[in-house]
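Participant: Take each chain as given, in its own frame, and dock them per the hints.
Chains as they are written, first to last, in this note's numbering: chain B, 51 to 380; chain F, 12 to 499.
By construction, these hints were calculated from the structure, which means they are not laboratory data.
Idealized CB from N, CA, C, for every residue including glycine.
Worth double-checking, as some hints may not be accurate.
If you only want the chain F side, here are some residues facing chain B, beta carbon under 10 Å, derived [as the list claims (entries may be wrong)]:
no., residue
1, 45
2, 50
3, 180
4, 187
5, 193
6, 285
7, 335
8, 376
9, 378
Below, in silico cross-link-like pairs of lysine to aspartate or glutamate (EDC-like), each with a Cα-Cα straight-line distance of 20 Å or less [to be verified]:
no., chain 1, residue 1, chain 2, residue 2
10, B, 135, B, 207
11, F, 92, F, 410
12, F, 100, B, 207
13, B, 196, B, 124
14, F, 268, F, 253
15, F, 443, F, 197
16, F, 160, B, 80
17, F, 343, F, 236
18, F, 443, B, 187
19, F, 299, B, 279
20, F, 248, F, 331
21, F, 255, F, 192
22, F, 255, F, 283
23, F, 294, B, 172
24, B, 132, B, 106
25, F, 383, B, 108
26, F, 92, B, 274
27, B, 267, B, 238
28, B, 267, B, 172
29, B, 132, B, 175
30, F, 446, B, 172
31, F, 383, B, 274
32, B, 301, F, 192
33, F, 264, F, 245
34, F, 446, F, 35
35, F, 299, F, 283
36, F, 160, B, 76
37, F, 154, B, 76
38, B, 196, F, 150
39, F, 36, B, 80
40, F, 294, B, 337
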Amino acid sequence: MSKPKFAMYWSGSCGGCEIAVINIHEKILDVDANFDIAFWPVAMDAKVKDVEALEDEEILLCLWNGSIRNEENEHMAHLLRKKSKLLVSFGSCATEGCVPGLGNLFPVAELIDTAYTTLTTDNPDNIRPQTVTQVPEGEITIPAMKDRVHTLAQVVDVDYFMPGCPPESHQIAAVIDLVIEVLQGKAELPPKGAVIGAGHSTVCEECPRQRNVKAIKAFRRIQDVAPLDPELCILEQGVPCNGPATRSGCKARCPSVGAQCIGCYGPAEGVVDYGARLVTAFASVIDSRDPEEIEQILDGIPDPAGQFYRFNLADSLFQAGASAFKKNEV
Amino acid sequence: MERITIDPITRLEGHGKIDIFLDDKGDVANSYFQIPELRGFERFCVGRPIEEMPLLTNRICGVCPEAHHMAAVKAADAAYKVTPPRTAKLLRELLYMAFYCTDHTTHFYALGGPDFIIGPDAPVAERNILGVIHKVGMEIGGKVIQMRKFGHKVVEMIGGRKVHPAVAIPGGVTKILSEGERKEIEEMGRWAIDFAQFSLQAFNDIVLANQTYLDLIVGDIYRDETYYMGLVDENNKVNFYDGKVRVVDPEGKEFCKYAPNEYMNHLSEHVEPWTYLKFPYLKNVGWKGFTDGKDSGVYMATPLSRLNAADGMATPLAQEHYEKMYETLGGKPVHQRLAIHWARLIELLYAAERWVELVTDPDITSSDVHCKPTEIPTEGVGIVEAPRGTLTHHYWTDERGILTQVNLIVGTTNNYAPIQMSTKKAAQHLIKGGKVNEGLLNMVEMAFRAYDPCFGCATHSLPGQMPLEVRLHDQRGELMDVIKQYVD
Ligand code: SF4
Ligand code: SF4
Ligand code: SF4
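With the rest of the complex left out, here is chain F (with noise of 0.2 Å):
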């Protein structure tokens, strides 16, 4: 059988990668997409006291350390039975509006978005963030640099640092906020409110409006019906700090919603020797192996699917876009992988729009910031959504909260699966007879790449492209050819 390592630079770190089987007649077999890493937090967190948990667990993820300090904090509220004053909950919140803004923007303008804005058929040199800048102007640049500045600025200046902040503690934060701070998030805030319209727009105008690009995105290569999962708000929107999960069928119904505390009656994990990362899946659907439909327990948990999972979005002008993206692409749910660039815009504009919302209430300067404990810590769940997808923290404590157990499910482990099934798809679809081409390379890595996997952020690269090499193998597993993107 031949075989095809589909071979990330970080494969060398012990980051990730992709081998590929042929059978007899030159299709794809099979695909492994392996994760050989683990630091073991779950075990060595146990004996740590709980307001650690906000300051170890961002060490998780230096892309997303907001993320988990958020989650773990709101775990360690809940094992306290503490609910933080209205402004400690304010200021929690526009710290994370702040890292969405810079991290969407990060994916949408280096990672993401040079496959579309520059054209996925554009020569290699030219798809990076320096080819972005050539297509839409300097000045375009200059703002994606300057929308990055000032998500970083305003977690600095709530969270203490940009990166891995030090605010957030059980019953509230650390931070009042003057109102001289208030006044430059607030300038920032409407800045970025524009930032993401211009954003859309150049989505619009780049891809949108180009036929070639858009049967791309509704086309069946990134095609995979999934449940999909989802943070929302009591009216069922979209939210990425507090709320209940929803998870919709790959008809869009609703298959279930639940509180925190109630994960474990939705979620198992499934696991495989060959890597280091285990599959999430729904528990009352079941594991049937790396399938979609509506038999599989496999789900996604992206922007994407956080759109498909709610009604709406809790701002007006991010909702507008939201419902022309829905009337473009046919109704709800969207099961195109590559719309999920498009809905992480829509994001992009939600959590500014927010960002506003929150700096503009009058309590935020308010000095009641913490509320302190007094029950007996023993139990909690936190979930926030990470860019990412839903990220789930569950601590059990002794009566002093310090750490006895610890349980994780976080953002990118929720898409391992439908990850997996992609980059299959996708090379079954490019790879026939034995036949490999450079387009195999480059649309394999947009599988993945829709998703912003952050596997230990390999995909994370400056200019947006993933080196990759093909290795084709005969039977005695002797090179027959190797085709390279990327690479000298």
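If we strip away everything but chain B, and leave its shape as in the complex, we get (with noise of 0.2 Å):
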């Protein structure tokens, strides 16, 4: 009997995603020996032009990382859709349109204008990169870039979810075993558009550092107050930390060496706007009463976008309108 199909395909991503399934080590064994692996960019060699000739949802399972950043990436996220029995929306770029959605701040056009006219760049005749270029041998192409960073969800319908940047390797470990146990008939799988690779609840319910709820009078940036102390709480020593908003999974990582989470794990269970809830959560440690002083007080945050919307912004409640509910209605 043959063995069920496996993809792993990256769009608008950094790479890291695959060097975190690389990461798994010997694990990766376990993939190759209850899978065939049909589309692996990375790994192996099979062509677009192979997946199009595959039956309609023929493989099984397809992990697929990056965000919707040009036009051949949308391509690619329907094709993938349609010959793909359970997708899922891989790393935080897929989820949430993580840091380049940051990008979405800004028009396309300005993306491009800024990195041809940076202070280095030689460029007289003010050229801008074109989809089709006529060189003297003849016609070149290249895709089109689309007017802002997509999330997988946003383009085609996705079964599941994997948050994380990239999402850690003794997750993706975990989620592996589960598929393998469902092929086995050991397991059920999660009901469709499920979280998956990651815990409950938040990056503070997982952070060995102790919370006193002490109220602060003002945030302060972390090279100003560094060192911090290795037991406390970050963000009650003042220095802005993501947790109380953040999905739990990491095993609170980014505290563990004493530098704040940023968020990477994206919003934690049952909160639709990432940004509202992390509002929230720092005026519950500030020491006032007075809305005025506590406004006040937040606004000693530099950069709120990013601080609040770091690798959530493609995915936000105002760029994404309906959609973004989609994964927490279950």
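Facilitator: And the structure:
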């Protein structure tokens, strides 16, 4: 009997999600033993036309990482959706746009203009990249960028979401174990739309640092307070830490080395708008009952857009609209 | 005019493709290596606080986030005019050396190595990491995995995460190393030195002892006489974390040596409308197109160029191998691109030796890991050597340290012009009179694989296979022939 088919694909991504998968080390052999790897550009050699030749839903499991940044990304998303039974939005870029989603704060023409006019750029003719160029020998093409970064779920139907930038390797290994158990009839798949490979609470719940709900009078920047107390909550030391609004699953990796959580696991369970939840959490550690004073203290956060939507902008309520609710229905 | 499109499978993800055009005689007229992707970091980082840059710019590349993390924090240090305490520098560099060991190992065994260890003419199905293990034994496969694990373990212990570490902040780091952790890291480092020596021995036995491979390395197909760039310490020895950028000319003479904040006097970036990536070149030589020689500002920034640009290695074992390489290849500088692989292994040994040096420094466990910035931030440049080339971050801020302007010249970008030239040259050697054979695919692939290019990590494939498809079109654009490699 032939093995079920596995695929992994990357679009507008940094490659870190692929490295995280390779970092499961020997476990990769389990994937190999239980699946026929049908398509995985970083690891093996099938072509897109081979995917096109597959039956619809012939791929059992497809992990998609990377956002939808250009037209090719979108084309591939539709293709792999059609050919896959289970499509997983893998990592922060696919799930919520991630850091490159901050590009949505600017028109795409401005992103290109900036890159082509930096101080070291030698561009007397004010050239911009063209989708079609006539070179002396013929015509060559590159794909057009989309007007903004989209998440995978904004362009196709997604079965599961796996947060993290990148997902931690122990979580990837756990998901692979689960799928193998399902294949062996020993476990059942979670309901469609579920978040997998992560916890159900917040990073704070996993964080060993002590919280005393000590109220703060002002926000401070990490370089102005370091060294932080190694035992106490970073937020309560006045440094904005995104733990309270962020989904658990990473074992609070960043606070474990004295750095604040920057929110890469996305909104905690049940949170519809990440930024709104974080504002509430920050407000709750402020030592004041006066709304004006609270606002003033919150103003001490130097970059609200980045602080509250660092990973989440492309999937935030005001950008994604109703689709932001989708993965929280379950 | 006929056209050949060499299509890494990644083209369809927007990661890169090559178009080769043939003239009337069927010889190569020109070739274009295109990068169809841009994410706009230089724009959207504006408005962000400077201490976030080591975290945001990590996301440029998940293969070498450590390099961006370090270049960013050094630019932030410079903007604040703050000097981190010695221990903070040691910890940053230690993390960085562990990363180098992992990254160079991956490239040699999984990506570049198979070309040599298995041989360029070996059947396609064997030219991958599994083939390597088959040829040199199961034991080595285990060692390779072990080296990658150790490297990532150290990155995680110090940096918090295996991918996208979080530890460096303006003025230092947030982590204090315990004695227990120190011991563990020292043990792994000593193992890494053995592993690196073992790898050089394998290279010696398998590659250098084989005349065919040696001929390939010293032959002309992969030779371009360009300028070479690399970071050096105060003794002009190779350094990955700190120092000045030194550039030597095609004859190996020092052309310039600059501190990070002087980079703008030396570098410019040429643009073409058919790609989203720019082509850096030496401003004081000038852009003369995709051509080599002393009059062309094209330079290379790779392991080999770092060795070419320096006077030697700062650690004893690596220095021995450095001398041996130049003796074998006929002195400095070495222009043959395939020698990049050898240089990479010498760097692996240096990184491992330096790892142990750093972790046995009595200051490494000191709690003095941060120096509070007191000056008003303005502008700063940070430079490190990424495995794939000199990495430059330049930030301008307002008085609160909020970014107002950003300029980035990233690792692989440095080599965009040389890669363009090497692939064209390989194609010219291998396509004559309209004849294209299977060998072309492999040889063209080897030309750019040597650089370990990381265009969206297109070539970081697990078994070291880059699927290629060459399509031959006649003048009316009709498909005449398709030649495939690694493609069913
Ligand atoms: S989610 Fe993070 S690690 Fe994954 S591709 Fe995006 S930026 Fe890279
Ligand atoms: S706010 Fe940050 S430091 Fe505090 S408990 Fe939560 S995750 Fe830990
Ligand atoms: S602590 Fe926060 S930023 Fe760090 S890995 Fe966990 S979720 Fe991501």
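Participant: Hints first: check each against the structure and report whether it holds.
Facilitator: Evaluation of the provided hints:
Hint status for residue 45 of chain F: holds, given a least beta-carbon distance of 6 Å to chain B, under 10 Å. Against a cut-off of 10 Å between C-beta atoms, the interface hint on residue 50 of chain F holds, since the closest Cβ of chain B lies about 5 Å away. Of the supplied interface hints, the one on residue 180 of chain F holds, with its beta-carbon coming within about 5 Å of a beta-carbon of chain B, less than 10 Å. Against a cut-off of 10 Å between C-beta atoms, the interface hint on residue 187 of chain F holds, since the closest Cβ of chain B lies about 7 Å away.
At about 15 Å, the closest approach between the beta carbon of residue 193 of chain F and any beta carbon in chain B exceeds 10 Å, and the interface hint on this residue is violated. Using the Cβ-Cβ criterion of 10 Å, the hint placing residue 285 of chain F at the interface with chain B is satisfied: the shortest such distance is roughly 4 Å. With 10 Å as the threshold, the beta carbon of residue 335 of chain F stays out of range of chain B, its nearest partner Cβ sitting at about 32 Å, so the hint is violated. At about 14 Å, the closest approach between the beta carbon of residue 376 of chain F and any beta carbon in chain B exceeds 10 Å, and the interface hint on this residue is violated.
A cut of 10 Å between beta carbons decides the hint on residue 378 of chain F: the least distance to chain B is about 7 Å, and the hint holds. Annotation: proposed proximity of residue 135 of chain B to residue 207 of chain B holds, straight-line Cα distance about 11 Å (limit 20 Å). Proposed proximity of residue 92 of chain F and residue 410 of chain F is supported: the alpha carbons are some 13 Å apart, at most 20 Å. A threshold of 20 Å between alpha carbons decides the hint, and for residue 100 of chain F with residue 207 of chain B the separation of about 47 Å lies outside it, so the pair is violated.
Restraint check: the Cα-Cα separation between residue 196 of chain B and residue 124 of chain B comes to about 9 Å, which is no more than 20 Å; the hinted pair holds. Between residue 268 of chain F and residue 253 of chain F the CA atoms are separated by roughly 13 Å; this keeps the pair inside 20 Å, and the hint holds. Restraint check for residue 443 of chain F and residue 197 of chain F: not satisfied, since their Cα atoms lie roughly 54 Å apart, outside the 20 Å limit. For a cut-off of 20 Å, the pair hint linking residue 160 of chain F to residue 80 of chain B stands: about 18 Å separates their Cα positions.
Of the supplied pair hints, the one linking residue 343 of chain F and residue 236 of chain F holds, its CA atoms being roughly 12 Å apart against a limit of 20 Å. Straight-line distance between C-alpha atoms of residue 443 of chain F and residue 187 of chain B comes to about 17 Å, which keeps the hinted pair within the 20 Å bound. Simply put, residue 299 of chain F and residue 279 of chain B have alpha-carbon atoms about 56 Å apart, too far for the 20 Å limit, and the pair is violated. Pair hint residue 248 of chain F plus residue 331 of chain F holds up; C-alpha atoms about 13 Å apart against a cutoff of 20 Å.
For the hint pairing residue 255 of chain F with residue 192 of chain F, the CA-to-CA distance comes to about 32 Å; that exceeds 20 Å, so the pair is violated. Between residue 255 of chain F and residue 283 of chain F the alpha-carbon distance is near 30 Å, which puts this suggested pair outside the 20 Å criterion. As the CA atoms of residue 294 of chain F and residue 172 of chain B are separated by approximately 9 Å, the hinted pair is consistent with the 20 Å bound. A C-alpha spacing of about 6 Å is found between residue 132 of chain B and residue 106 of chain B, which places the hinted pair at or below 20 Å, so the restraint holds.
Restraint check for residue 383 of chain F and residue 108 of chain B: the C-alpha separation of about 57 Å exceeds 20 Å, so the hint is violated. Restraint check for residue 92 of chain F and residue 274 of chain B: satisfied, since their Cα atoms lie roughly 14 Å apart, inside the 20 Å limit. About 49 Å separates the Cα atoms of residue 267 of chain B and residue 238 of chain B, which puts this hinted pair outside 20 Å; it is violated. Restraint check for residue 267 of chain B and residue 172 of chain B: the C-alpha separation of about 49 Å exceeds 20 Å, so the hint is violated.
Straight-line distance between C-alpha atoms of residue 132 of chain B and residue 175 of chain B comes to about 44 Å, which puts the hinted pair past the 20 Å bound. Between residue 446 of chain F and residue 172 of chain B the CA atoms are separated by roughly 38 Å; this puts the pair beyond 20 Å, and the hint is violated. With a C-alpha separation of about 6 Å, the suggested pair residue 383 of chain F and residue 274 of chain B falls inside the 20 Å cut-off, and the hint holds. Between the alpha carbons of residue 301 of chain B and residue 192 of chain F the distance comes to roughly 19 Å, so the proposed pair stays at or under 20 Å and holds.
The suggested pairing of residue 264 of chain F with residue 245 of chain F holds, with an alpha-carbon distance near 17 Å, which does not exceed 20 Å. Our distance criterion of 20 Å between C-alpha atoms is met by residue 446 of chain F and residue 35 of chain F, whose separation comes to about 13 Å. For the proposed pair residue 299 of chain F and residue 283 of chain F, the alpha carbon gap of about 13 Å is at most 20 Å, so the pair holds. A threshold of 20 Å between alpha carbons decides the hint, and for residue 160 of chain F with residue 76 of chain B the separation of about 11 Å falls inside it, so the pair holds.
At most 20 Å may separate the alpha-carbon atoms for a hinted pair to count; residue 154 of chain F and residue 76 of chain B meet this at roughly 12 Å. For the hint pairing residue 196 of chain B with residue 150 of chain F, the CA-to-CA distance comes to about 48 Å; that exceeds 20 Å, so the pair is violated. Restraint check: the Cα-Cα separation between residue 36 of chain F and residue 80 of chain B comes to about 52 Å, which exceeds 20 Å; the hinted pair is violated. A C-alpha spacing of about 56 Å is found between residue 294 of chain F and residue 337 of chain B, which places the hinted pair above 20 Å, so the restraint is violated.
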